[in-house]
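Here is what each chain is made of, one letter per residue.
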Amino acid sequence: MGNTKLIVTPAPHIRSGDSTPAIMRDVVIALLPAAISAVYFFGAQAAVSMVCSVAGAVGAEYIFEKIAKKPVTIGDWSAAVTGLLIAMVLPPHVPVWIPVIAGFFAIGVVKLLFGGLGHNVFNPALAGRAFAIAAWPALTTSGYLWPASAEGAIWAVRGFDAMSTATPLTLWKMGEIGGASMSKFYQSLFVGNVAGSLGETSALALLIGAVYLLCRGRISLRIPLSYILTVAVITGLYGQDPLFHVLSGGLILGAFFMATDYVTSPMNPKGQIIFGIGCGILTALIRMFGGYPEGVCYSILLMNAAVPLIDRLTRPKRFGEVTSRA
Amino acid sequence: MPKGSFRGGVHPPENKERTATLRTVVARRPSQVAIALHQGSNCPLTPTVAKGDYVRMGQKVADTDEKWGVPAHSPVSGKVVSIGLVRTASGVEDQAIFIEPDGEDALDESCVPVDNVFSRSPEEIIRIIRDAGIVGMGGAEFPTHIKLSLPPGANVDTLLLNGAECEPCLTADHRLMVERPRDIIRGAQIMMRAIGVSRTLIGIEDNKPDAIRAMGDAASSAAGVEVVAVKTRYPQGSEKHLIKSVLGREVPPGGLPFAVGVVVSNVGTCAAVSNRFDRGLPLIERIVTVTGSAVAKPANLVAKIGTSASDLIEECGGFVGQPGKIVFGGPMMGMAVSSVDVPIGKGTSGILVMSREESEDLKEMPCIKCGQCVDACPMRLEPVFLHQWSNAGLWDEAEAYHAMDCIECGVCTYVCPSRRNLVQAIKRAKFEISARRRAAKERGSK
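The listed protein sequences derive, respectively, from chains A and B. Counting from 10, one number per residue, gives the positions in the first sequence under this note's numbering. Counting from 821, one number per residue, gives the positions in the second sequence under this note's numbering.
Rather than coming from a laboratory, the hints here were simulated on the basis of the structure. Watch out, some of these pointers could steer you wrong.
Here chain A is said to cover these stretches of chain B; the calculated rule only asks that three of the stretch's residues, wherever they fall, bring their Cβ under 8 Å from a Cβ of chain A [stated by the list, open to error]: (1) 993-1002; (2) 1065-1077; (3) 1139-1146; (4) 1158-1165; (5) 1186-1192; (6) 1238-1247.
Each computed DMTMM-like pair below joins lysine to aspartate or glutamate, with the alpha-carbon atoms no more than 20 Å apart [to be verified]: (7) K78(A) - E1184(B); (8) K14(A) - E1178(B); (9) K14(A) - D1181(B); (10) K14(A) - E1219(B); (11) K14(A) - D1161(B); (12) K326(A) - E1219(B); (13) K1183(B) - E74(A); (14) K326(A) - D1216(B).
All residues carry an ideal CB built from backbone N, CA and C; glycine is no exception.
Chain B extracted, bound-state conformation (with noise of 0.2 Å):
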């Protein structure tokens, strides 16, 4: 296997040039933002703010004694007019504070950058991460300090950044890297320190040439920081696949990246710990690339978490014609969201606005055994057996045909001649086997 890719995969129209090359603009601040208290990691959040407090930017609003939790704050100051309920991006209606701001931005007095960084210990840097409320921002959300905070044991040699943004139109991180690459790097350097390493990559797709020579040029000043270009190719955000990429490793199945010495991290979340650590800033917005056939005028813009999509598609000049899809993330692996009023959380990287043709649901036809979704599997399953067994209702057959090594990416759906849904069925199987997993520890634990 070649140096800077992975067997499987596919490479869609990328679609990105709508957006490749507009420079990030600050949305409009929105008339209300709502803060869900569910956010990526699954712990709910306990309000630490009630209705008709006044609130500053910054400050915290709602926090959680569990491990994998994080808080969240006010991305604005102003008043918490409510806590109810809000339709959020997985589809469900969840608790969230509503804040409407008072249009000061007056910053909470916690938000103050941290001195002598490296002269801190690693623990102390992975607790002002947690506090600063910051999850992987590639999607999935997954908790900062939990990544950083490794078991003893954990032998890892290399910070991987991701900035592959495999995600056909999706140019968020594109356009960070491009304009903010020292605040990356900044980050990753604060990383390296929490985890006890000398080597940063940096695994950046071929297709941005603009992002590869500015991480280069920014990199080539801090020790042990290095590019990496990758070949374009999604799932190349995999982590597991752009450890394949860059370092030629392979993660164990059910292992994470530690398990062959990688931390990997979105290139966002880099830039979000340097917003803490440098600025004094928790995470309270992100880059929200805004774009698809379906928005008049796409731009990335950079939007306080809790924003709306309706706000942030107003902003880039409404629909153009009858809307079909709203999804949240990338066309491959986002969310279809239900509603124009669910609000952007931490891992929202885009806001894709389809036609109604684009989102015309395709008749699935027979199977006819072609062998594309397995030619396309980069975990080198074999879907086109994962979905009978699953809609057979064979769990321990699909367990068999190892189901949990799925990583969800669409590639099976995404090449199938006869429009079967090859993903949901497999998601379906994985959800399946947890709760007969857990049924079964819970029965083992009496």
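Looking at chain A on its own, in the form it has when it is part of the complex (with noise of 0.2 Å):
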């Protein structure tokens, strides 16, 4: 026994078990089913798409490493997870190159510049939409094609041609739609069978996903739901119907798999709440008083950017601070 070779490391000497691969595989598995319901929504170009956008974000990824001399890290399934949000948040019909480039861009530049995994500061995924949506602008808002099970539907207010690339926050947006009920397009909202991006459309086919998350401890609902709420009752206030607004566009998406991201969310509770806060702002004011019809995507880039700030101010109170003698 005497000459027993011995490890010596410092305590603990025991693991939990979880890692960060496992983390990122629940991501990709809970955004299946909204892969699916965009396949099958807006067909096989949806998953030409996503095979693209992925492709993309490994691609440079492990490009960008080798160039580098670093150790190759697509086996810890961020870059997927980053690839296959990037399709999610980009129009189901553009020319197949542009997912590629905007993945490449989101992990060549987004990412990797920023010092990689865990550095970065923005989403990189919602950070890559934006490039593809500023550089080619045509060619991203004319993808935003209705499902063919959509024909004939109730949102036909002008005849289905003229609103063929309309998502319905572009409907509502010229006021072809609006008012403090819209109950009748709830429905399909929910299921998803309207215009928008890729993965946004379906918020049933999204919450199945969150609620998977939810269930894994992989998110809490601070973000999303302060998010939400966030919106409905700024809408709501303005005398819109809120939950249209909750359905509608990227809310959904944004506000459990965008907003939620570890590397650019803050880290404590009330922290948390803020951001979730700040980006239904923003989120309501762009839809109302901006530009664009939508505003999920720039909201949380806007707030990634006041994530060191939100975490300085909200430190928490270590234990014995508040000193209570019962």
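Hey, can you piece these two chains together into the complex? The hints should help.
Now the structure itself:
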């Protein structure tokens, strides 16, 4: 026994067994219902789009890390998550090279140039989308075709053609639809039988994924709920139909899958609620008073920039700081 | 916050079933004991015996004039074979007195019970405790006489016994509470006398119903002594968290328990006090849980202080396969030792023998700021930032983020999905901050 070789490492000597790749994998699993519904509503091109953006993102990570002679980290699934999310926030009908380039930009510039996983300030997928839309506005905005299954739907205010590339929020922005109660649209918004970005239309599919993430403890309700409620309250106060605003556009996708991104959201419970409310205010303001019909992407990106400040302002009260003598 | 718990913490697999129901067994007499002269209190001791001397069991073999030091006693009768270096659990080599037992266990004449305990003054009781070499047996080895010597003006109303034993795998305190509840309560009564309180609460995690029952039965005949079941949640056995769970009080940052009217003592320490007053024995033995997947027959052994890990592991049937790590203490806060020859000390509650596979070092991945460490930190710190400041050498930032409040429980490292060694970085920051504070103080006093 005397010369047994022993390993010496600092405590603790056991770990929870959780891992970063497992977290990323859970996000991919949670996105599957939305991915499937995208293919159902928008056809095979949705699948092509998703494959392209994942390829662009993972490819960028591989190439850049090879060039920089750094360990290749595609095995942590994080680039795959970013890639999948990029396809989901782009219109379903765009030239295939757009998701590739958006994925490449998101990983190469927004993530790796800032230091790689954990160091990026902005949500890479949303920054990739913002980049694509700014670079090719015509190609991207024309991509919002309605699902074939929506033919003759209640949305046809001036004939189906007229709105063939107008999302529900665009129709609302143009004043085609509106008012305090738009209940007749709820059902198609909920299942996703409307025009919109590839993965954002089906609230149902997104919520299934969100429940999975909540059950697995990967996200908490703090950011999504404070975000969504804020949008509902503000739009409601302005005489709009709050539920229409919650179900339309990218709010549910953004609130559950983008705003909750660990790297680019606050660390503490209080900060997360402030972050969610901030996203909600910006989204509601952009929708109602801004130039765009939708504001989820820019709201989250703007709030991303505020995260270090929020973290600093919401530091927890350490144990014993409020001394209580019962 | 509901009573019985605190914010944060984790509940790792308990792995106590290997030894929880095993009665304690007196370990075989070792062929040699090594009494380290540098114990938990950081006061080096001076030997009071020399090489070649014959010593009796319970005889004092080393002492110090320092206020924070306590003497060491021979756990056996026999011959001092040498005074030389031994590798200790902390990894350094240190002076130790090596004693070879003669097999007689002849008791020293100083080892006589104390009569009329409750007519003695608190000062006298505290001095007897100090002279018996008693330190906190939960792991930190904080000198008990210091703990009981309250500063003037301290307003203490409760003695809180720590029977949480929140470290996975360990069952030493558990077995002590089941098998010797009356001794623990007797020791507590002596401590109550020493600090002048009339109430003792005993905090025990609710995963030990038999200990709760045994202690409750024993407490029912003792005035002012009561058992409180607390939630099984690591680090429930941190004294600050046990106070929070049992009494709802929070010790202020940098403060000690008496700041909220409490003195906390481990149940093992109480039994050691009873051993001294009722049986005349100084602190020369303790219960050690020898456990882990790489040891053949796990057991709760009553072992002489200074027995080597190899003696105890051999008594438990030796290794199963290749051992990876041997940890003194529990898996969350224990220290991995570099040699099987390391002797147990007064605070060694367990020897955990881990297999090669369990000992594999996990590769660190980048921090994704998931915040799990922040959620889990029982001190409500932000390990993620402390880790950053520490790695960047930003000690002022680390201090501003309250690095010194860290209790080193290891929860942050345990939960980190990127397997980052957060607590180690924070310990480093604490070390640097302390060194800088000391240096500033020295400059100030010049």
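Status of each hint after checking the structure:
1. Figure legend: the stretch 993-1002 of chain B, annotated as covered by chain A; annotation inconsistent (0 residues with Cβ-Cβ distances under 8 Å, at least 3 required).
2. Under the rule that three or more residues need a Cβ within less than 8 Å of chain A, the assignment of the stretch 1065-1077 of chain B holds, with 8 such residues.
3. Counting residues of the stretch 1139-1146 of chain B whose CB falls under 8 Å from any CB of chain A gives 5; the rule of at least 3 is met.
4. Residues of the stretch 1158-1165 of chain B lying with their CB closer than 8 Å to a CB of chain A number 4, which satisfies the three-residue condition for coverage.
5. For the stretch 1186-1192 of chain B, the assignment as covered by chain A holds, since 7 residues bring a beta-carbon within under 8 Å of that chain's beta-carbons and 3 suffice.
6. By the rule of at least three residues with a Cβ nearer than 8 Å to a Cβ of chain A, the coverage given for the stretch 1238-1247 of chain B holds, with 6 such residues.
7. Only pairs whose Cα atoms come within 20 Å are accepted, and K78(A) paired with E1184(B) is accepted, the gap being roughly 19 Å.
8. Straight-line distance between C-alpha atoms of K14(A) and E1178(B) comes to about 15 Å, which keeps the hinted pair within the 20 Å bound.
9. This hinted pair checks out: K14(A) and D1181(B) have alpha carbons roughly 15 Å apart, not beyond 20 Å.
10. A hinted pair counts as satisfied when its Cα atoms are at most 20 Å apart, and K14(A) with E1219(B) does not qualify at roughly 38 Å.
11. At most 20 Å may separate the alpha-carbon atoms for a hinted pair to count; K14(A) and D1161(B) meet this at roughly 12 Å.
12. Between K326(A) and E1219(B), the direct Cα distance comes to roughly 15 Å. Compliance with the 20 Å bound is thereby established for this hinted pair.
13. With a C-alpha separation of about 19 Å, the suggested pairing of K1183(B) with E74(A) holds against the 20 Å cut-off.
14. With a C-alpha separation of about 19 Å, the suggested pair K326(A) and D1216(B) falls inside the 20 Å cut-off, and the hint holds.
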